[in-house]
Amino acid sequence: MRKIWDFHGGVHPDENKTQSNGLAINVMPTPKQLALPLNQHIGKAAKAIVDIGDYVFKGQLIASAQGVLSANIHAPSSGYIKALAERILPHQSALSGPCIIIDTDGKDEWIELSPVANPDSLTKSDLLNIIQAAGIVGLGGAGFPGSIKLQPKHAINTLVINAAECEPYITADDRLMREYADEIIVGIQLVQQLLDQPKCLIGIEENKPEAIAALATAARQNSNIEVCVIPTKYPSGGEKQLIEILTGNQVPQGGIPANIGIVCQNVGTIKAIFDAVMLGQPLIKRITTVTGKAAANAGNYEVLIGTEVADLLAFAKVDLSQTSRLVLGGPMMGFTIQDTNTPLVKSSNCILAAADLELAPVADHHACIRCGQCEVACPAELLPQQLFWFAKSEEFEKAQDHNLSDCIECGACAWVCPSQIPLVQYYRFAKGRIKALNTEAQQAEVARERFETREQRLSDEKSAKEEKRKTRALAAAAAQEAKRAANPNAEDPIAAALARVNKLKQAQHTTNSPILPEDEYKALKTAAAISRTQLKKTSKALADALAKNHEQASDLQQTLTALTAKAAAAEAQLSAYETKLGLDPEQEKTLQAALAKANGVLRKLEQRLATAADPEQVKEDIIAAKSIQETATHTLAQHQNNPRAKAIPAEES
Amino acid sequence: MALMNLSSPHHHSLSKTSRLMAWVLLATLPGLAVQSYFYGYGTLINLVWASGLALGLEALVLGLRRRPIMIFLTDGSALVTAFLIALALPPFSPWWLTLIAVLFSIVFAKHLYGGLGNNPFNPAMVGYAICLIAFPVSMTQWPAIEQTLNFGQQWQWFWMESIDGGIDAWTGATALDLMRHTNGLTLNEVALDNPQLGLSLSVSMWVNLAYLAGGIGLLAINAFTWHAPIAMLASLGFCAGLFHMGEPDLYPSASQHLLTGATMFSAFFIVTDPVSGATSRKGKVVFGIGVGILVFIIRTFGSYPDAFAFAILLMNLSAPLIDTYTRPKAYGHKSSKSSSQGDL
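Residue numbers (the numbering used here), protein chains in the order written: chain A, 6 to 658; chain B, -7 to 336.
Honestly, I wouldn't trust all of these hints.
[Said to hold, decoys possible] Derived list of chain A stretches under chain B, where covered just means 3 residues or more per stretch with a C-beta under 8 Å from a C-beta of chain B:
{"no.": "1", "segment": "25 to 31"}
{"no.": "2", "segment": "68 to 80"}
{"no.": "3", "segment": "320 to 333"}
[As the list claims (entries may be wrong)] Result set (SDA-like, lysine to any residue): computed pairs, CA atoms no more than 20 Å apart in a straight line:
{"no.": "4", "chain 1": "A", "residue 1": "LYS436", "chain 2": "B", "residue 2": "LYS8"}
{"no.": "5", "chain 1": "B", "residue 1": "LYS326", "chain 2": "A", "residue 2": "ASP369"}
{"no.": "6", "chain 1": "B", "residue 1": "LYS274", "chain 2": "A", "residue 2": "HIS13"}
{"no.": "7", "chain 1": "B", "residue 1": "LYS8", "chain 2": "A", "residue 2": "ASP406"}
{"no.": "8", "chain 1": "A", "residue 1": "LYS322", "chain 2": "B", "residue 2": "ALA(-6)"}
{"no.": "9", "chain 1": "B", "residue 1": "LYS8", "chain 2": "A", "residue 2": "ASP369"}
{"no.": "10", "chain 1": "A", "residue 1": "LYS403", "chain 2": "B", "residue 2": "SER327"}
{"no.": "11", "chain 1": "B", "residue 1": "LYS274", "chain 2": "A", "residue 2": "ASP406"}
{"no.": "12", "chain 1": "A", "residue 1": "LYS397", "chain 2": "A", "residue 2": "ASP361"}
{"no.": "13", "chain 1": "B", "residue 1": "LYS321", "chain 2": "A", "residue 2": "ASP11"}
{"no.": "14", "chain 1": "B", "residue 1": "LYS326", "chain 2": "A", "residue 2": "ASP411"}
{"no.": "15", "chain 1": "A", "residue 1": "LYS403", "chain 2": "B", "residue 2": "ASP315"}
{"no.": "16", "chain 1": "A", "residue 1": "LYS403", "chain 2": "B", "residue 2": "PRO312"}
{"no.": "17", "chain 1": "B", "residue 1": "LYS326", "chain 2": "A", "residue 2": "HIS13"}
{"no.": "18", "chain 1": "A", "residue 1": "LYS397", "chain 2": "B", "residue 2": "PRO112"}
{"no.": "19", "chain 1": "B", "residue 1": "LYS321", "chain 2": "A", "residue 2": "GLU414"}
{"no.": "20", "chain 1": "A", "residue 1": "LYS475", "chain 2": "B", "residue 2": "SER327"}
{"no.": "21", "chain 1": "B", "residue 1": "LYS326", "chain 2": "A", "residue 2": "ASP406"}
{"no.": "22", "chain 1": "A", "residue 1": "LYS403", "chain 2": "B", "residue 2": "ALA(-6)"}
{"no.": "23", "chain 1": "B", "residue 1": "LYS274", "chain 2": "A", "residue 2": "LYS436"}
{"no.": "24", "chain 1": "A", "residue 1": "LYS403", "chain 2": "B", "residue 2": "SER(-1)"}
{"no.": "25", "chain 1": "A", "residue 1": "LYS403", "chain 2": "B", "residue 2": "LYS8"}
{"no.": "26", "chain 1": "A", "residue 1": "LYS397", "chain 2": "B", "residue 2": "LYS274"}
{"no.": "27", "chain 1": "A", "residue 1": "LYS403", "chain 2": "B", "residue 2": "LYS321"}
{"no.": "28", "chain 1": "B", "residue 1": "LYS321", "chain 2": "A", "residue 2": "ASP369"}
{"no.": "29", "chain 1": "B", "residue 1": "LYS326", "chain 2": "A", "residue 2": "LYS397"}
{"no.": "30", "chain 1": "B", "residue 1": "LYS321", "chain 2": "A", "residue 2": "PRO257"}
Simulated from the structure, these hints should not be mistaken for lab results.
By construction, the Cβ of each residue, glycine as well, lies at the ideal position given by its N, Cα and C atoms.
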């Protein structure tokens, strides 16, 4: 006898299996219509390869897998494609998704099948191809495409067959094992062949004695297959829990069973593999339990994938008026549906039509008193009470730190909670929010990167321009320098200009020949302008140097101080001269503006003269404008001449 | 019938917090009976008074906090607090002492911190400790065992604080008092000087055994795990045994420590409070050990003869820290530290 280990926690809810496990599997007749969702598995949706109006045979491929993580879908019966339409999917969200709708013709006519007569002759890739082509996914619940687990990257020493069926009420696997034990053993051998003959352990809860006996009988010839009877405890059928029960090893966090040399397959999946290889039949049907007090004919039914819940419920004589809760799956992990037109998919193992009060009533929940019963029950060895606080207060980082992601949502904590807190719902909320926040963070990260790249590009462009300008400035400075070097006596332009003025003055003094005041005024103006420009340039250079923390900053600062003094001196000389002359630059500007305006008016009038309807009138206007312009010219001239006359009386005399 | 949209699991063990609380109340009954047998009607009168007060105050505060009164009132937690206070207070407690203890328990220690489940300190112990510090005389009036008051006398004392012959005639030192304040005598000499010590010890033992019985009952129905109470008793017994081995004349034995004062009552009814204690089972062990050691230290070297209120409040303070360092290793993890990978 193999040692059977235990896993932490777990609960013992009422099994409620006898309602449905007493009768043989009942084959449900082909319904009039089938609705096949394109995504019945984890991964990418399959792509429909049929058109409306096409006739399809039973078993014909109607939607092909897209990529590795996807699965083929076949017509469960013969008939016409009625529509490619959205239907409500079997999911808690009750969202709809694309489905292929088939109107069955009742003939149930198979496409030509190619069963394998001698499976020993098949290569691994042949086998894998058959399994993949048959659209086999995990029938235990998650619907993980089956062929992926069967091509592991690690060496596999143990094949674990999950026959625990630990959820209360569900007996589909139980009946399947009782009635198809031989087929299951052959299916296991096929998988063993694929995985290089690992030891096979079938984990089955002790509450299924008939199934245990049937499997033991079927496997008695094969020493490499062992039926392991395990204690009844929920959730022993969790993949990780079952592996620990049978091997004593835990699947490492974040890893998969293959990391420790194990592949785990549901017993229903094994039967589907048998059908695919030995009968050539793709996955188009499954065993589904219909149970609950509202079901008059509770039992197990062989249904075609795509059968609507309503059709199966009618066949099992479920009184919907007595049902307050329709659960797809078991009472611990299943989800409620409200629309009975929802189709059954490959992973639909049970419909629980619960009468009022059959399941836990909806109760107001009390405060968490941290009694710790949830911790005792948690098979993932978490602290559910802490996770609850963190989820409730939206402290998601702490929740993650307490390994929220390791929660398998088995519901054991909520089942024991004396305060009847819907703990799993809190965990789902937290997981969903964390996922959304992660997505948001990723999007923000992308946006930030894009923004930074753009900023970088703009600043690169700017600095390139700056660089160019600097190069030009340097070249100009160098040219200046060269010029100065070529002519070392050349003085700086301001001094030169002022010197010229002084020279003129001196010349006047010595020779007594009059200097033209215009010349002197011009020279002073030039000196002031040059000093202004130099000042501007230097302060800009200084600002640049300061901004870049350049070492030349202090030199520039000195130059700037000197230049400021010089500029002030030049401006002072200019304004002194202006005062002496009685020049008023502001008034002169006003007068110039008036003249310019008069000129403009005149020009416009002359233009209008060419096209005007009344040229006489325009001519008069022109004459008026001309007189204004003349006045303005005159005033300006007077203004300019007057001081000069005042300033240089010698000229007149 | 309309189909409901509910989140899994759809099944429930149908266990209830209120039922848990009811079990705790039931489990106090042996202790209550034995205590009343030896000390008279005081505890019973206090119990009724405290229960009425606790329910009234709970309803009042729930109303002020706009919480659904019936849902929370029926969880039974206020009643449990009232029971614990009444059992912990001396039977000679007058009405106002109990009122103050209950007021601070329910209103201050519990509701001002957010109500049941959010209180960092054990409410009953907060009320008890406040009274112990504020009214030390009233809090040490334990009845002498040889002569108990009849109901009328007790009733009169409870309301009027008057009694024939004065209260001193009716009170006596507890065993812990005698053993704590030895005035330099050895324990044997104390026993010789005080013939009532032997009687006091045996009464105390019966009371403790009664609470132990209640506690074992609660363990049997999984009202709590064994970790905190057993760890506390073990550490107290270990410390006492160690000192007693060294100086048997000065230090009472482990069994005397375990079966006097409030040891068993605290071990199974106070230390087990899940709200204010440590969370994980490992944490509960640490919590229990801490309480045991503190009780021994205060009983032996402190100025109070018994020490549970202070020891438990101190460990309540440490509970979050303990929680941080005693997280269990999750399935598939290499250590108890989180190795979460950032996203799901």
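> Which numbered hints turn out to be false for this structure?
Replying inline: 1, 2, 4, 5, 7, 12, 20, 22, 23, 24, 25, 26, 28 and 29
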